[in-house]
Structure formats: structure tokens, C-alpha cells
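Number of protein chains: 2
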Amino acid sequence: LLSNGLVHVKNPHLDSMDEDVLYHLNLGTKTHNLPVMFGDVKFVCVGGSPNRMKTFAQLMHKELGLEGDGKDLKDICAGTDRYSMYKAGPVLSISHGMGIPSISIMLHELIKLLHHAKCRDVTIIRIGTSGGLGIDPGTVVITDIAVDSFFKARFEQVILDNIVVRSTELDKDLVEELLNCSKEIHDFPALIGHTMCTYDFYEGQGRLDGALCSFSNEKKLEYLKRAYDAGVRNIEMESTVFAAICGLCGLKAAVVCVALLNRLEGDQIKAPHEVLVEYQRRPQHLISLFIKKRLGLYNQMELLDNAFFLNN
Amino acid sequence: LLSNGLVHVKNPHLDSMDEDVLYHLNLGTKTHNLPVMFGDVKFVCVGGSPNRMKTFAQLMHKELGLEGDGKDLKDICAGTDRYSMYKAGPVLSISHGMGIPSISIMLHELIKLLHHAKCRDVTIIRIGTSGGLGIDPGTVVITDIAVDSFFKARFEQVILDNIVVRSTELDKDLVEELLNCSKEIHDFPALIGHTMCTYDFYEGQGRLDGALCSFSNEKKLEYLKRAYDAGVRNIEMESTVFAAICGLCGLKAAVVCVALLNRLEGDQIKAPHEVLVEYQRRPQHLISLFIKKRLGLYNQMELLDNAFFLNN
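Order-wise, the sequence lines are chains A and B. Heads up: the first sequence begins at 1 in UniProt numbering, then just goes up one per residue. Heads up: the second sequence begins at 1 in UniProt numbering, then just goes up one per residue.
Misleading hints may appear alongside valid ones.
What the hints assert, rightly or not - Only pairs whose alpha carbons sit at most 30 Å apart, straight line, appear in this in silico DSS-like list of lysine-lysine:
no. : chain 1 : residue 1 : chain 2 : residue 2
1   : A       : Lys71     : B       : Lys10
2   : A       : Lys220    : B       : Lys118
3   : A       : Lys270    : B       : Lys225
4   : A       : Lys30     : B       : Lys219
5   : B       : Lys87     : B       : Lys172
6   : B       : Lys54     : A       : Lys270
7   : A       : Lys30     : B       : Lys10
8   : A       : Lys54     : B       : Lys152
9   : B       : Lys220    : A       : Lys54
10  : A       : Lys220    : B       : Lys220
11  : A       : Lys152    : B       : Lys152
12  : B       : Lys30     : A       : Lys71
13  : A       : Lys152    : A       : Lys252
14  : A       : Lys74     : B       : Lys74
15  : A       : Lys118    : B       : Lys10
16  : B       : Lys42     : A       : Lys87
17  : A       : Lys71     : A       : Lys10
18  : A       : Lys54     : B       : Lys10
19  : B       : Lys10     : A       : Lys74
20  : B       : Lys42     : A       : Lys10
21  : B       : Lys87     : A       : Lys10
22  : A       : Lys225    : B       : Lys10
23  : B       : Lys54     : B       : Lys219
24  : B       : Lys87     : A       : Lys219
25  : A       : Lys118    : A       : Lys152
26  : A       : Lys183    : A       : Lys10
27  : B       : Lys252    : B       : Lys270
28  : B       : Lys10     : A       : Lys220
29  : A       : Lys87     : B       : Lys10
30  : B       : Lys219    : B       : Lys42
31  : A       : Lys74     : B       : Lys172
32  : B       : Lys252    : B       : Lys219
Honestly, the hints are just simulated from the structure, not real lab data. Just so it is clear, the structure is predicted and the values come from calculations on it, not from any experiment.
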């Protein structure tokens with residue numbers, strides 16, 4: 001099925017459309033030459049924050065030794081403020097906002113973009129932030145399975161008024177490859193674990209510090225410990241739908257998130273700004289190494305790379 | 001219960017917290033003097049797009065005759081790119097991104113902000129965009145009831161691993177007041193209707209143009225017509241949780257969205273940029289008039305106001 005390496009759209013109606021406007025990306029098949037703009041893309045990296053995804057594109061520009069000043073990278077979606085998109089050689093870096101609906105809109109339009117551009121053999125990675133569960137702040141979690149609030153590996157999609165259950169499995173080989181990459185970086189801990197994806201940051205993640213809270217600290221801890229016992233090591237808000245949509249469309253997908261805090265020890269994100277900034281660079285460094293190894297650029301650039309980690 | 005006009009937080013744990021970091025707004029009780037910064041706020045307007053909410057704050061700055069150049073308004077949340085926030089006198093204008101989870105995070109932190117700032121008698125209005133159902137593009141819909149994908153006036157909130165059903169009723173008097181305001185503006189049609197709120201823009205709203213689509217045009221139209229028959233006049237992605245959270249916290253809330261297209265006639269948003277920009281100004285003009293009337297500024301400024309509509 002995947003032998004040609006093309007992205008699958010699973011929509012028989014698309015072929016009969018004269019034009020496809022990717023509204024939230026401010027791109028379209030009649031207004032843009034998508035194969036020329038995006039045909040060479042091999043890696044798509046996505047994350048919540050526009051600034052973080054710009055920083056990542058600049059990092060990749062530098063690490064891949066591309067010509068010109070990475071600081072000049074233009075937002076390809078500049079005509080809209082819904083999402084931001086940057087390109088550094090074969091790497092596309094896109095923001096997706098917060099939560100399942102926001103990333104879902106972006107993924108539909110991104111996958112149609114990759115289809116229209118005839119991209120082949122694309123790997124997609126979410127590099128994000130999360131709350132950790134029983135792990136040290138700053139730990140990078142490589143997700144093996146994305147689970148919902150009930151610790152089930154499923155995503156419930158409402159289609160018209162039917163509920164369809166979709167698998168949230170991720171690519172096992174990619175998980176191992178990423179773990180192996182992480183072993184070459186000694187600056188921070190990384191591990192494989194389940195990632196829980198919720199629809200809400202406060203009540204849905206058992207936080208005691210929202211505008212609304214109807215449960216006790218004991219009930220909160222009992223829930224989070226059950227999650228830990230089910231294999232959950234971090235909690236975020238996009239992984240289930242990301243795994244479900246990418247899986248259906250034949251994209252090899254991974255989720256790599258840093259934990260900003262240990263939820264068994266608190267709810268508020270209080271670490272100093274510089275510490276949080278450094279934590280957020282960790283998944284970026286891991287994915288940068290992964291991409292360079294895939295492109296056969298690692299050995300040549302090893303010295304440069306180590307210099308980067310020491311200086312940043 | 002509401003006689004003092006204060007915002008309700010319904011969380012017994014908040015009182016015992018030494019500090020409250022409103023992480024996604026980049027504000028906090030120890031780092032900012034919230035009563036001084038926000039104590040005079042009477043109207044909070046929220047919408048998906050940061051640029052649109054900046055434009056609205058600039059409009060209010062001008063319409064309220066405030067001193068200084070409205071073009072200089074600073075993003076109060078400049079330290080983060082999750083949300084943007086602008087203040088024009090008693091009007092706070094905040095972006096919430098797309099979808100239920102994204103607006104939900106913002107509302108929890110906004111409501112705590114209003115609580116810490118001891119604001120009184122606050123009215124909150126979502127001014128957004130939507131897909132219309134059996135109405136002309138450009139029509140402004142004032143929501144009487146927010147319903148889910150099954151046309152029910154409810155919001156299902158996962159708390160730990162329990163599902164709690166919340167009411168999505170909005171303030172009836174506010175709906176009438178807004179409809180009366182709309183009658184004084186002759187530039188565009190406005191009506192009262194139910195608003196359907198979905199978790200997804202493509203499959204969940206019956207679109208035939210996503211990366212995934214498993215249903216026919218006939219099934220799509222059958223669903224949308226059932227929605228119309230149930231009273232739904234537009235579809236968006238935030239209204240149920242907005243109504244539910246604001247209702248629980250004692251905030252008088254309204255939802256006013258313009259329809260960018262008629263979903264019975266298509267899925268793609270293809271109107272020219274200038275037309276879409278003008279459509280998006282319509283809810284802003286309605287709410288500007290509403291706020292000026294509430295503040296007793298309308299009669300004095302009527303001439304200026306009409307000049308604004310003619311020139312913009």
C-alpha cells in the first residue's frame with residue numbers, strides 16, 4: 001500500500017475539486033505552486049507555539065549548513081495568524097496551537113498540502129511540552145502509545161453524528177530510532193512511555209488550580225497514580241488525534257515532548273523562564289540529531305554539533 | 001448569589017495558594033498588580049485570531065474616544081505567544097485560538113485574573129467567525145443556545161476520568177439587547193439562532209474537502225438539514241465550553257459570530273480576502289455599538305459613529 005511512499009488522502013471527493021483552498025494555512029492549489037514550494041519535504045515537525053517552531057526552523061537551517069541567514073526565514077503562512085510555517089531545506093516546521101481541534105485542522109490541511117505537492121517518504125514529528133508523571137522536570141518522553149483520559153489507546157472522532165473509534169498507534173521503529181539518538185546526547189534524560197492526551201488543561205488533567213475544581217488533592221493523586229500505573233509518563237493535549245490522523249494517512253509519526261514539571265509534585269509551572277526555555281530546546285536537539293543522521297550528515301558535522309550543545 | 005457582581009471562581013483550593021501563575025497568559029499574582037492593571041474591566045471580548053482581537057481593541061480605543069494613539073496598544077501577554085491581550089479603557093480584548101481546549105485554557109486563566117483583580121459586573125462576548133446554515137454569507141448570528149454535534153444544549157467535561165454534563169445556556173436578556181442593537185445597524189443582516197459547536201472543522205462539520213472523508217454529499221446534506229431543522233443557524237468550535245464555563249462562574253456571556261459561507265452551498269471558504277475582512281468587522285461593529293450604549297456614550301457619538309461606518 002505504501003510502496004510508492006506518497007501521502008494518502010482518504011477522500012474520494014478531492015479528485016473532483018477544481019481548486020483546493022487550504023484556508024487556515026493561507027495556501028491553495030491555484031494560488032501557489034505547491035510541488036515547487038514543498039516537493040522536497042521529507043521531515044515535518046509540528047509544535048504548539050509559533051515562536052518555538054520558528055526557533056526550530058532556524059536551528060535546522062544552521063545545523064544542515066544551508067546557505068543564507070536562518071534569521072531571515074519567512075513565515076510561509078504570513079497571510080494568516082492561525083498557524084505559522086517555516087521551511088529549512090527538507091524540513092518543514094509548523095505551529096499547531098493548543099488542543100485536539102486546533103492540531104486537527106492543521107493536519108487536514110498539511111496532509112492535503114503534502115498530497116498536492118507529491119511529497120514522498122515523509123516522517124512527521126510533534127515536538128512539544130507536557131506535564132510529566134513521576135519523572136524529573138526536563139525529561140524528554142518519546143511516546144510509544146497515545147492514550148485518552150481513560151488510559152485507552154483510542155481516539156473518538158465524531159463524523160456527522162456518529163462516533164468512530166480510531167487507533168492511536170505510533171511507528172515502533174521510529175520510537176526505537178529516536179531512543180537510540182537520545183543515547184548519544186548526554187545533556188538530558190530521555191525515555192519511552194505512554195502519553196495521555198486530554199481535552200482540557202485544568203479539570204481534565206486533575207489540576208487543583210483552575211477557575212473550577214470540584215475534587216480533592218487525594219482524588220487527584222489517586223487518578224494520576226492510576227495513570228502512572230497504566231504506563232503514562234506525560235500528559236499533553238494533541239497526541240491522540242495526531243497519531244490517529246497520521247496513521248490513517250500513511251505518515252510515519254512520532255511524539256517527543258519535554259516534561260515541564262512533575263505533576264505528582266504540583267500543578268503550577270513555576271520554573272524560571274530560562275530553565276523552561278532550555279527544557280523546550282531538548283526535543284529540538286534530539287530531532288535535529290535524528291534528522292542529520294537520517295540525511296547522513298551526522299559524522300561530518302559531529303564537531304560542529306557538539307559545539308552547538310556546549311554553546312547554547 | 002451574584003448580588004456583589006464579583007466573578008465566581010468555584011475552586012476551594014485557590015485561597016490557600018501563596019501565588020497564582022497564569023502560565024499561558026504570562027501573568028501572575030506576585031509578578032503583576034492585577035487589581036491596578038485590570039480592576040476597571042467591564043467588558044471582555046474574545047475571538048480566535050490575535051490580529052482580529054488587536055483590531056477590535058484599536059476600534060474600541062477610537063470609538064470610546066480614549067487618549068493617545070490606538071495603534072500603539074501593547075500586547076499585555078507579549079511574553080508568550082499562546083494568546084494575545086489588549087486593553088482599551090474598560091474593554092479587554094483577548095485571542096483564544098481555535099477549538100474547545102484552546103479557549104478553555106484561556107477562560108480558566110482569564111476568570112482567575114478577573115477574580116484576583118476584583119472586577120465587578122463583567123460582561124463577556126465571543127466575537128467570532130463561523131459557517132452559516134441556510135443563511136446568507138455575512139449574516140451575523142447572535143447565539144441563543146449553544147449545542148453539540150448531536151444538537152443537544154450540553155457540554156461534556158471530563159473531570160479526572162468522569163464525564164460531567166454542563167449546561168450551555170446563555171444570558172437571554174443579553175441576546176435581546178444585542179438583537180436590538182443590531183436593528184440600529186442597517187449595513188448587514190443579524191438574527192438569533194442556535195450555534196452548533198464541534199471538535200473538528202472537517203469530518204465533524206460534514207465537510208467533503210478534508211484529508212479524510214468517508215461520507216457522501218447526500219449524507220452530509222441530510223445531517224446539515226437535520227441541524228437546520230433543530231434550529232442551528234451556524235457552526236463553530238468554541239461556544240459550548242464558553243457558555244458552560246462562563247455560566248458556572250457567573251459571567252453574563254454572549255456569542256456573536258459572522259457566517260463566512262452557507263454550508264448548504266459548499267465547504268470551502270473562497271470569498272475574496274477583502275470580503276472576508278469586511279464580514280469579520282461586522283460582529284465588532286455590533287459589539288462596539290452595544291458597549292457604547294451600555295456606557296451611555298452612544299448619543300453623543302452618533303455622528304462620529306456613522307462616519308466610522310461610512311469610511312471603513
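Within 30 Å, alpha carbon to alpha carbon, are Lys152(A) and Lys252(A)? 21 Å, holds
query: Is Lys225(A) within 30 Å of Lys10(B), Cα to Cα?
result: Distance ~25 Å between Lys225(A) and Lys10(B) Cα, so the pair holds.
Sort out whether Lys10(B) lies within 30 Å of Lys71(A), counting only the CA atoms.
-> Answer violated: Lys71(A) to Lys10(B) is near 46 Å, above 30 Å.
Below or equal to 30 Å on CA atoms is what counts here, so check Lys54(A) against Lys10(B). 38 Å, violated
Q.
For a C-alpha distance cap of 30 Å, please report whether Lys30(A) and Lys10(B) respect it.
A. 51 Å, violated
Is Lys30(A) within 30 Å of Lys219(B), Cα to Cα?
Holds, at about 29 Å.
- Message: Please verify whether Lys74(A) and Lys74(B) have alpha carbons no more than 30 Å apart.
- Response: 24 Å, holds
Q) Quick one, are Lys252(B) and Lys219(B) close enough, alpha carbons at most 30 Å? A) 37 Å, violated
Given the hint that Lys270(A) pairs with Lys225(B), does the C-alpha gap stay at or below 30 Å? 49 Å, violated
Item to complete: Sort out whether Lys219(A) lies within 30 Å of Lys87(B), counting only the CA atoms.
Response: 39 Å, violated
Lys219(B) and Lys42(B): Cα distance at most 30 Å? 45 Å, violated
Taking only the CA atoms, is the gap from Lys54(B) to Lys270(A) under or equal to 30 Å?
Given that 30 Å is the threshold and the Cα spacing comes to 28 Å, the pair holds.
Hint check: violations occur at hints 1, 3, 7, 8, 9, 10, 12, 15, 16, 17, 18, 19, 20, 21, 23, 24, 25, 26, 27, 29, 30, 31, 32; the rest are consistent with the structure.
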